[in-house]
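We have chain R; now place chain H onto it with these hints.
Sequence order for the protein chains is R and H. Its first residue numbered 1, the first sequence is counted upward by one per residue in the working numbering. Its first residue numbered 1, the second sequence is counted upward by one per residue in the working numbering.
The list treats identical chains as one, so a pair stands whether inside a single copy or across any two.
Derived PhoX-like pairs: lysine-lysine, alpha-carbon spacing no greater than 25 angstroms straight-line:
{"id": "1", "residue 1": "Lys-116", "residue 2": "Lys-188"}
{"id": "2", "residue 1": "Lys-247", "residue 2": "Lys-267"}
{"id": "3", "residue 1": "Lys-116", "residue 2": "Lys-81"}
{"id": "4", "residue 1": "Lys-79", "residue 2": "Lys-188"}
{"id": "5", "residue 1": "Lys-188", "residue 2": "Lys-81"}
{"id": "6", "residue 1": "Lys-93", "residue 2": "Lys-116"}
{"id": "7", "residue 1": "Lys-116", "residue 2": "Lys-2"}
{"id": "8", "residue 1": "Lys-81", "residue 2": "Lys-93"}
{"id": "9", "residue 1": "Lys-93", "residue 2": "Lys-2"}
{"id": "10", "residue 1": "Lys-79", "residue 2": "Lys-116"}
{"id": "11", "residue 1": "Lys-243", "residue 2": "Lys-274"}
{"id": "12", "residue 1": "Lys-276", "residue 2": "Lys-243"}
{"id": "13", "residue 1": "Lys-250", "residue 2": "Lys-276"}
{"id": "14", "residue 1": "Lys-79", "residue 2": "Lys-93"}
{"id": "15", "residue 1": "Lys-81", "residue 2": "Lys-2"}
If you're looking for bench data, these hints aren't it; they were derived computationally from the structure. Small disclaimer: the values here were computed from a predicted structure and weren't measured.
There are 2 protein chains.
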Amino acid sequence: MKIALDAMGGDHAPAHPVAAAVQALARFPQIERLVLVGDEEAVRRELAVHGAQPSDRLHIFHASQVIEMTDSAVEAVRKKKDSSLCRAVDLVKEGAVDAVVSAGNTGALVAACTIKLRTLPGVDRAGLACPMPSRSGVWLLLDAGASVDARAEHLLAYGCMGSIYAQHILGIPSPRVGLLSVGTEESKGNELTKEAFPLLQQAPIHFIGNVEGHGLFEGAADVVVCDGFVGNITLKTAESLAKTTFKWIKEEIQANPLRMAGALLAKGAFQTIKKKTSADEYGGALLLGVNGICVKAHGSSSVHALFNSLRVACESVTRQVNPLIIEALSPQKHSPAP
Amino acid sequence: MKIALDAMGGDHAPAHPVAAAVQALARFPQIERLVLVGDEEAVRRELAVHGAQPSDRLHIFHASQVIEMTDSAVEAVRKKKDSSLCRAVDLVKEGAVDAVVSAGNTGALVAACTIKLRTLPGVDRAGLACPMPSRSGVWLLLDAGASVDARAEHLLAYGCMGSIYAQHILGIPSPRVGLLSVGTEESKGNELTKEAFPLLQQAPIHFIGNVEGHGLFEGAADVVVCDGFVGNITLKTAESLAKTTFKWIKEEIQANPLRMAGALLAKGAFQTIKKKTSADEYGGALLLGVNGICVKAHGSSSVHALFNSLRVACESVTRQVNPLIIEALSPQKHSPAP
Chain R
1 MKIALDAMGG
11 DHAPAHPVAA
21 AVQALARFPQ
31 IERLVLVGDE
41 EAVRRELAVH
51 GAQPSDRLHI
61 FHASQVIEMT
71 DSAVEAVRKK
81 KDSSLCRAVD
91 LVKEGAVDAV
101 VSAGNTGALV
111 AACTIKLRTL
121 PGVDRAGLAC
131 PMPSRSGVWL
141 LLDAGASVDA
151 RAEHLLAYGC
161 MGSIYAQHIL
171 GIPSPRVGLL
181 SVGTEESKGN
191 ELTKEAFPLL
201 QQAPIHFIGN
211 VEGHGLFEGA
221 ADVVVCDGFV
231 GNITLKTAES
241 LAKTTFKWIK
251 EEIQANPLRM
261 AGALLAKGAF
271 QTIKKKTSAD
281 EYGGALLLGV
291 NGICVKAHGS
301 SSVHALFNSL
311 RVACESVTRQ
321 VNPLIIEALS
331 PQKHSPAP
Chain H
1 MKIALDAMGG
11 DHAPAHPVAA
21 AVQALARFPQ
31 IERLVLVGDE
41 EAVRRELAVH
51 GAQPSDRLHI
61 FHASQVIEMT
71 DSAVEAVRKK
81 KDSSLCRAVD
91 LVKEGAVDAV
101 VSAGNTGALV
111 AACTIKLRTL
121 PGVDRAGLAC
131 PMPSRSGVWL
141 LLDAGASVDA
151 RAEHLLAYGC
161 MGSIYAQHIL
171 GIPSPRVGLL
181 SVGTEESKGN
191 ELTKEAFPLL
201 QQAPIHFIGN
211 VEGHGLFEGA
221 ADVVVCDGFV
231 GNITLKTAES
241 LAKTTFKWIK
251 EEIQANPLRM
261 AGALLAKGAF
271 QTIKKKTSAD
281 EYGGALLLGV
291 NGICVKAHGS
301 SSVHALFNSL
311 RVACESVTRQ
321 VNPLIIEALS
331 PQKHSPAP
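With the rest of the complex left out, here is chain R (with noise of 0.2 angstroms):
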């Protein structure tokens, strides 16, 4: 498989993408190719840091401009024509790679698979899958942030899409899907989550109704739905949490040698978890329901959260989900049971 790593996006680049490109070379022999996109001499540097250069295996594709943080997404995607975002969007639309990762611009990249890949039949609204941690294993939380305002019948295709990521990617058999809401209840809910709840009702997945906050992180839910907004703050917030009561505690520990003796004998419990709940672990989240594989990273990716991006492209590659999904969606399968 061939795969193309937007060199250019994300808050450490083109650092962090060549050591994540490098890493992943050496350890997914099923990648035939990796593109690095982005201007090729600060590319060339970056390789040579790690002693690499470029090969069969790895090349680089220069692309002028680079699209920011703080680009307007749409605006950017149409400006900046030879970013290495939209250049690498560029190369799965032309079948030169299977699949595109980055780190950059969420909007934008976005915005980029939506005007340049197109979405799949039945499908209106791309939604970012992000694989999160719970007790027994792992959830996908979706959309989590690809757009705001959806409607009922974006739910609805999320809680499809998602369902087939979490059982041909994730390998859970009949995944539970929920849509989140403020209680339980099917009555309880916004506006939004009460129109979506009795069409994913009748759609052909395993639903289980609304799920609470306090049930995600306790695998209340393989999937769970809402819309980009909920989405993007209930990650954000939960992310953010995570490392701030490891920081807290650290704190804590330094205050005193005797805590700090302990916490060296304890030192293995407290990895494992802060590996548990730790945004890197889970790779890239992928955007479902454009016509191509997409993987977004982090901004502020480490190399080994965008060594998991590659990854998560990788058995998406493998598994190809995007027939399984036009099949789910088409009309016939669509319409509700009689």
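This is chain H only, laid out in the frame that chain R set:
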């Protein structure tokens, strides 16, 4: 001051409310009278557990009905007129007490207060102001779930009311008010936040613009304004993740005797942070915008959480923010600066 406590509200009623009442009376001499509202016999039985009985400072007000957590809010308020929750709010309305505290059905409590006490002039919808922990102290999440599908003018009122609460009850001079959104730039957000942003900019508060989920626990703002749907999910997600993280750490520590020994030495650090991140410590959420003082405690409140909710009620009675809210939201003040 006189305070009514819904003795039948919450998952552990009447045991927890009664125990909290006994503790609060011992601790807060400023409470002249605490009225336990609920089934008299059940309340007497619980009082006996603590070797307590009705007195000048501790009254029982019999109410024959209980509003369940699953009851529909408005319907319950209309039909269960002799419920502990409704009777407790009635006592505020009649001026028999200065404040009410309940761990009962949130929707029913908001409905009872809105219907019986009415909203303050200039306020269309009440909002729950929930104190949360940050690096440096406490911040307010508002609305934490009093009402969903808010409009921009509701968020404006939340910003003004939250600012007054933070200044006069939490003692933060010139509180920084932020609007919860998916990006810090003014252009980032959904229809609601984009409409609310300029209104908050023109309000007589220290508005600092959008804040993201990432910044909440790092103290990005003193008051964070959002729709009740988003606020409730944010609150529950944060509470659940904090709890779950500690549970996971505990499980990992117990997997190994060396870790257990270490954890014992570092115990103080855990306890401090567990306390810091525990919802129990912050007391209940004040329902801002109704013509009376009402504190909502968690349905699952511990005795300590209910005790802290009674503390919040005492502070609110002493500091009386409603006249300041009325003044801030009066039409003269409300119009934008020339």
